[in-house]
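Novice: Residue numbers (this note's numbering), protein chains in the order written: chain A, 8 to 822; chain B, 78 to 257.
It should be emphasised that the hints constitute simulated quantities derived from the structure, not laboratory data.
Honestly, I wouldn't trust all of these hints.
In silico DSSO-like pairs for lysine-lysine, Cα to Cα no more than 27 Å straight-line [what the hints assert, rightly or not]:
hint : chain 1 : residue 1 : chain 2 : residue 2
1    : A       : Lys574    : A       : Lys402
2    : A       : Lys36     : A       : Lys116
3    : B       : Lys240    : A       : Lys116
4    : A       : Lys729    : A       : Lys748
5    : A       : Lys260    : A       : Lys574
6    : A       : Lys752    : A       : Lys737
7    : A       : Lys453    : B       : Lys151
8    : A       : Lys260    : B       : Lys240
9    : A       : Lys442    : B       : Lys151
10   : A       : Lys383    : A       : Lys341
11   : A       : Lys75     : A       : Lys172
12   : A       : Lys729    : A       : Lys760
13   : B       : Lys240    : A       : Lys796
14   : A       : Lys668    : A       : Lys648
15   : A       : Lys117    : B       : Lys240
16   : A       : Lys232    : A       : Lys75
17   : A       : Lys338    : A       : Lys232
18   : A       : Lys402    : A       : Lys453
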Amino acid sequence: MRFVLFVAAMLLALPVHAPLSAQGVQQTKGSFEDKFRQLDEVLPDANTYRTASGAPGHAYWQQKVDYKITAELDETRRRLTARATVRYTNNSPDALPWLWMQLDQNIFKKDSMAELTDAFGGAGRRGPKVQLGAGAEPTKLSMEELRRQQAMADNVYGYDIGAVKTLAGADLSHTIVGTLMRVDLPEPLAPGATTEFTIEWAFNIVEEDAINARSGYENFPDDPKKGGNDIFLLAQWFPRMVVYSDYEGWHNKEFLGRGEFTLEFGDYEVAMTVPGDHVVASTGVLQNPDAVLTAAQRQRLETAKTAAAPVMIVTQAEAAAAEAGSPKGTKTWKFNAANVRDFAWASSRKFMWDAQGVKQPGAENETVLAMSFWPKEGGELWRKYSTASVVHTLKVYSRFSFDYPYPTAQSVNGPVGGMEYPMITFNGPRTNLNKDGSRTYSLASKMGLVGVVIHEVGHIYFPMTVNSDERQWTWMDEGLNSFLDSVAGYEWDPEMPWTRSVPRDLVSYMISNDQQPIMTQSDSITNLGSNAYGKPAAALHLLRDTIIGRERFDFAFKEYARRWKFKRPTPADFFRTMEEASGTDLDWFWRGWFYTTDHVDIALDSIYRLKVDSKNPDIDLPRRRRERDEEPDLVGVGLNKQQGLPIWVLENPGVTDFYDKNDEFTVTPKDRKGYTDFLEGLQSWERAAFDRAVREDANYYVLNFTNKGGLVMPIILGLTFKDGSTEKLKIPAEIWRRNAKEVAKLLVYPKGKELVQVMVDPDWETGDADLENNHYPRRIIPSRIEAFKDEASKSRTSRDLMGEAAGAEPDKKKK
Amino acid sequence: MLLRRLLLALALVLAPLAGITAALAHQQKIAISTVSLNPRNGMIEIAHQVPVHDAEHALRVQGIASPDIISSAKSREDFAGYVTRRFLFEVNGKLADPAYVGSEIIGGSLWVYQEVPAPAPAPGQGARIALRFDSQILTDVWARQENRVNIGGGTHPETFIFKAGDAPREAVLTRQPPEL
């Protein structure tokens, strides 16, 4: 009984601070902060296009854009010339007086907004370096910066837009605004109507290693052919229609380089004319293999469809011959792609090519060709692990979403570190060339290749199929995809150091006092990697493994993917679907992790142990006597003893009375009567409860917690008992509802089961930033450096045996 | 000489867009350094957290042909040496040269550790240690590198963000009595 009052008093006495400022609602007395306030004031209202449960509404619509493109690659001038017929279908309920196109190549113009703002202010501001006294590195400009400057000075980049015409040949008025272009229509395009127009363009292809784009060419000067050979990666290579959506109208946000894209779905027919000895990898399905592949290659491709391991389509010997030879004329490769939101391709005579069929029984594409294209510089690393990683990605991601929705899934090596397009991805890791001509690679490169292929192929699901808007909400594809790529990584090999996306990896970022909420537009974020990849991925791991549980999380996540496959979700659609499909109110979680910059730090401040008083003086008073006897003696009395000071009662043994034989815990008849009166005063149910509590004599513990980090989280307790047993207990986050700063929790254990030690978040699953205050009793937590000094480096991964064992010496000058 | 300086200045203006964050888990272009005072041993401890891939790539850019951050202690130490050169640090107005303690890989991060004894409390300074610092780790490799320096241990540090060419910043580290 006493303990109940105690707990109640604790709850009432809790101090609170921090103001509340939600829209329209103000805490005008006190400082209660509702961390569980529903998000409906923040999320957009549901409508006929998007329901309140996060699904596409009954009137959901999106535009459709089909392209027929012919392109010629001028290898010598590294220039692409192309023309397209664009067919735009207006499925919106609105008449459109004009259409907007994205001219991404214009970001490389010297007067682009990206160039100018990057040079003169804002997130990418540059300036002369300042030295901080002697002994520091001398100020210097990086070679990379010099190379870029020279490339920008020597070349004219950006689109040359030629004619924009109606099918009948009439000029269409068009206005270029940076990386955007408005095409005025002769008359507004009515709802449900379709229009077609033609456009011609050309541009100089940037040198990727110099300019650092998402596409471009890379030269290999050491190849046997004079001048070397190139790999061309073509992406953002055609004027692409800007999205027109139900929630934003035209998405005409300037391309600043960081926020990627969202686009409209449509069908593509593309013909690219390239040097006759090139191999082309592309979004879509090759339409004219007879014209571009040898009979042997076509046969191998057929074999690959049912093969259990990758089959070489273009062998190392064939690639080596092409690399050393001279181009003979040109060939036109034709690819068709249905229902894709973008189109990219790669072309080089350096490519080897392998393929393996992935079976998806019952799916729209029952056989998917997983394929890789790489130059000799990719070496064994690529032969062994690229296509294998593609296959692994399809298996894991399809389990979390839907069958892979396209007939091909490709990984292409080139100068781009990692970038995704429908059916095709560009991935960077390679081998190192040694002086003896051998090629080896580090474990990090291997992990890098497997990891990047998983990540980029994963993007074919998110956002290439679940079409979220990366320019506005980077986390919607990068966060979800980083979460899934780490799931796939652990399923590839749990021993590899994949992590970058579980809560414990994010602590030093999340405690920083200069950061942005995840729900911030990509171009305004510092450290996009931590903000839009790592933190949301950590949040999803936490939801899956700690808060919702795997079964319901996976069900809800799959439902989100299924609902928005080939459609355009917003954050609200994700939040709402995850809630509704898992049956969990998660508004507190989205609010904390996505709308604030709080971190997790729950402290266990104290534990009180309570016993039930039996009220029986013959039991309680001797117990209290024992408790007092366990208290330490007064220090002064002990010192008196040491000094041999005389004690009066000892020196006067003849003078005694009642109090010499009885202490204050002596039971009197009055005490016993009081006990009898107490028992008689109880109602029968009270008496039953009381008797049972006394009989059981359980251990009661009140644990006092404070929330120092701000994020409300489940309180996970690792409990250790005197008998050596342990238990894990999870208290849902809702314990913080009425007070998000301090809470107390009563735990009851049977007689004999005594709690000796408690740790909050014993498995480090929430990213709790301060472990010291997680322990009760407290213990000294060594600093990172102290801990490091105590043990040798934890990395037990083996050395670079490949190169070292062979005694190979790296060749520093060649790729 | 003047011409050369002009060229370099020009390059700084024109050399912006490099280092677009490709949609990739690969180069995160971040280094987080935590500077804290260890009350148990009186050392100022500096822990730099750098993504493994960034570190390996940086070594390659510097002309080391076969870096192996995960497996090779030599590569890790090469990189750690680089990190300590790019992290400039003054204590109470004097250039400090924190000792390199070691490095290790935890998860996807390379951690590089340094330490330097905290100065004896000076009259009038109380518990305050004046720091001046500049984290230029990897800013010479990627224009888009953005570094964080968290000053103070625990969970409420003061954060400073550095980009290429940023000037040093100042902060105060407060001595606290050991809690135990």
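Novice: Compare the structure with each hint and give your call.
Specialist: Quick rundown of the hints versus the structure:
Pair hint A/Lys574 plus A/Lys402 holds up; C-alpha atoms about 22 Å apart against a cutoff of 27 Å. A C-alpha spacing of about 56 Å is found between A/Lys36 and A/Lys116, which places the hinted pair above 27 Å, so the restraint is violated. The hinted pair formed by B/Lys240 and A/Lys116 meets the criterion: a straight-line CA distance of about 24 Å does not exceed 27 Å. Distance hint between A/Lys729 and A/Lys748 is unfulfilled; the C-alpha atoms sit about 30 Å from each other, more than 27 Å.
At roughly 20 Å between alpha-carbon atoms, A/Lys260 and A/Lys574 fall within 27 Å of each other, so this suggested pair holds. Annotation: proposed proximity of A/Lys752 to A/Lys737 holds, straight-line Cα distance about 12 Å (limit 27 Å). A hinted pair counts as satisfied when its Cα atoms are at most 27 Å apart, and A/Lys453 with B/Lys151 qualifies at roughly 19 Å. Annotation: proposed proximity of A/Lys260 to B/Lys240 holds, straight-line Cα distance about 25 Å (limit 27 Å).
Between A/Lys442 and B/Lys151 the alpha-carbon distance is near 20 Å, which keeps this suggested pair within the 27 Å criterion. For the proposed pair A/Lys383 and A/Lys341, the alpha carbon gap of about 26 Å is at most 27 Å, so the pair holds. At most 27 Å may separate the alpha-carbon atoms for a hinted pair to count; A/Lys75 and A/Lys172 meet this at roughly 15 Å. Between A/Lys729 and A/Lys760 the alpha-carbon distance is near 7 Å, which keeps this suggested pair within the 27 Å criterion.
A threshold of 27 Å between alpha carbons decides the hint, and for B/Lys240 with A/Lys796 the separation of about 31 Å lies outside it, so the pair is violated. The hinted pair formed by A/Lys668 and A/Lys648 meets the criterion: a straight-line CA distance of about 22 Å does not exceed 27 Å. Only pairs whose Cα atoms come within 27 Å are accepted, and A/Lys117 paired with B/Lys240 is accepted, the gap being roughly 22 Å. With a C-alpha separation of about 35 Å, the suggested pairing of A/Lys232 with A/Lys75 is violated against the 27 Å cut-off.
A hinted pair counts as satisfied when its Cα atoms are at most 27 Å apart, and A/Lys338 with A/Lys232 qualifies at roughly 20 Å. Between A/Lys402 and A/Lys453 the CA atoms are separated by roughly 20 Å; this keeps the pair inside 27 Å, and the hint holds.
Taken one by one, the earlier hints fail for this structure at numbers 2, 4, 13, 16, listed in ascending order.
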